[in-house]
Amino acid sequence: MVYRALGEFLILVGSLFLFLAGIGLLRMPDVYNRMQTGTKATTLGALSLIMGVGIYHPQWFFKTAIISLFILLTNPVSSHALARASHNKGIPLAEGSVLDRYAEDKERGLKEEENDS
Amino acid sequence: MRKWLAIIFLIVLGFFMAKITSSFPFGEEKWGVSRHYVDKGIEENRGSNLVTSIVVNYRGFDTLGEVTVLFLAATALAFLLSTCRCRRRYERREASLIVKTASETLYPLLILFGAYIFIHGHLTPGGGFQGGTVIASAVMLMLLAHFTFHPNHRALSTVEGLAGITFVLIGFAGLIWGGSFLANNIIPLGQWNRLFSAGVIPLIYVAVGFKVGSELSGLITDMIKTTKEE
Chain A
1 MVYRALGEFL ILVGSLFLFL AGIGLLRMPD VYNRMQTGTK ATTLGALSLI
51 MGVGIYHPQW FFKTAIISLF ILLTNPVSSH ALARASHNKG IPLAEGSVLD
101 RYAEDKERGL KEEENDS
Chain B
1001 MRKWLAIIFL IVLGFFMAKI TSSFPFGEEK WGVSRHYVDK GIEENRGSNL
1051 VTSIVVNYRG FDTLGEVTVL FLAATALAFL LSTCRCRRRY ERREASLIVK
1101 TASETLYPLL ILFGAYIFIH GHLTPGGGFQ GGTVIASAVM LMLLAHFTFH
1151 PNHRALSTVE GLAGITFVLI GFAGLIWGGS FLANNIIPLG QWNRLFSAGV
1201 IPLIYVAVGF KVGSELSGLI TDMIKTTKEE
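So the protein lines, in turn, are chains A and B. No gaps in the numbering here: position 71 of the first sequence is 71 in my numbering, and each next residue is one more. Position in the second sequence (first residue = 1) + 1000 = my numbering.
Possibly wrong hints are sitting among the right ones.
Stated by the list, open to error - Here are the computed lysine-lysine pairs in the DSS-like style, where the Cα-Cα straight-line distance is at most 30 Å:
{"hint": "1", "chain 1": "A", "residue 1": "K106", "chain 2": "A", "residue 2": "K40"}
{"hint": "2", "chain 1": "B", "residue 1": "K1225", "chain 2": "A", "residue 2": "K106"}
{"hint": "3", "chain 1": "B", "residue 1": "K1100", "chain 2": "A", "residue 2": "K111"}
{"hint": "4", "chain 1": "A", "residue 1": "K89", "chain 2": "B", "residue 2": "K1225"}
Everything labelled a hint here was simulated from the structure, so no lab data went into it. Every value quoted in this text rests on a predicted model; they were computed, and no experiment measured them.
The shape of chain A in the complex, shown without the other chains (with noise of 0.2 Å):
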């Protein structure tokens, strides 16, 4: 039974990915890291959670393959566009933060506008 031990070793690495994303959830100093942990470790702890209960109970994987995929297509987005829309209401960044690409990249797109008119 070498997959019912792969199936709880992928279920137990989900549960621990699950729980470091809650520590995270409480732990994290601003919005945007705590939607990197929340996101990250949601993706793949429920990921590997999901696979893992496929490889135990095999009559179901073709079921949680296509449960993982739409959590691969929808989570992502979903966080990204909720990262967007909290940048652009101007949430501020935690203290010490050394890198904002995203505000260099509007400031430069506004100034090649400015030079464009």
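Starting from the known structure of chain A, fit chain B onto it as the hints suggest.
Just chain B now, with coordinates in the frame of chain A:
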């Protein structure tokens, strides 16, 4: 002061609620009609989802009323929106390329999922209302991601009307050939737990799914499109 009043009020309310509910025999022998649903439901309707059998067959008339209420609410809201000059309080920003592409990919899949839910209403949890709502959420995703997306309103209302008529016609067919309104003995019941089973129940739920889906899609379109830019 107000806090204490609220707490006292809640305690009194809770006391009477507990008093009322303690007189219900929980977990004991089911009462007449629910006993009948549990014992005879599958035998009489051949639908493995007993909730659907109750919602669409035993209490089908009630569901027809619910669908009508939904229709009236949607119509009234559309009327109110057409008379008000609602203004948007914020500037709408074009969605990013990632969101647009993903929504285009997801849109047909979400509609497929909604259709799956209401077609399998008599076999698995969910049914017409839930499937219709999933379809409406797909339309809402497209409306939020694309400014140019505009569902065909006339087609939506046509589908909605036809679905409502189908529900009523199935009911009348039961009245003519089956003996009572929405009677479930006009077409063969089939075998339990198969896709083609449970007589008219899946037909009605497909109609309800189309109706709810088109209705809510039209409603969401109205709500998003009637607000004007300042």
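Give me the numbers of the hints this structure contradicts, sorted from smallest to largest. Result: no hint breaks.
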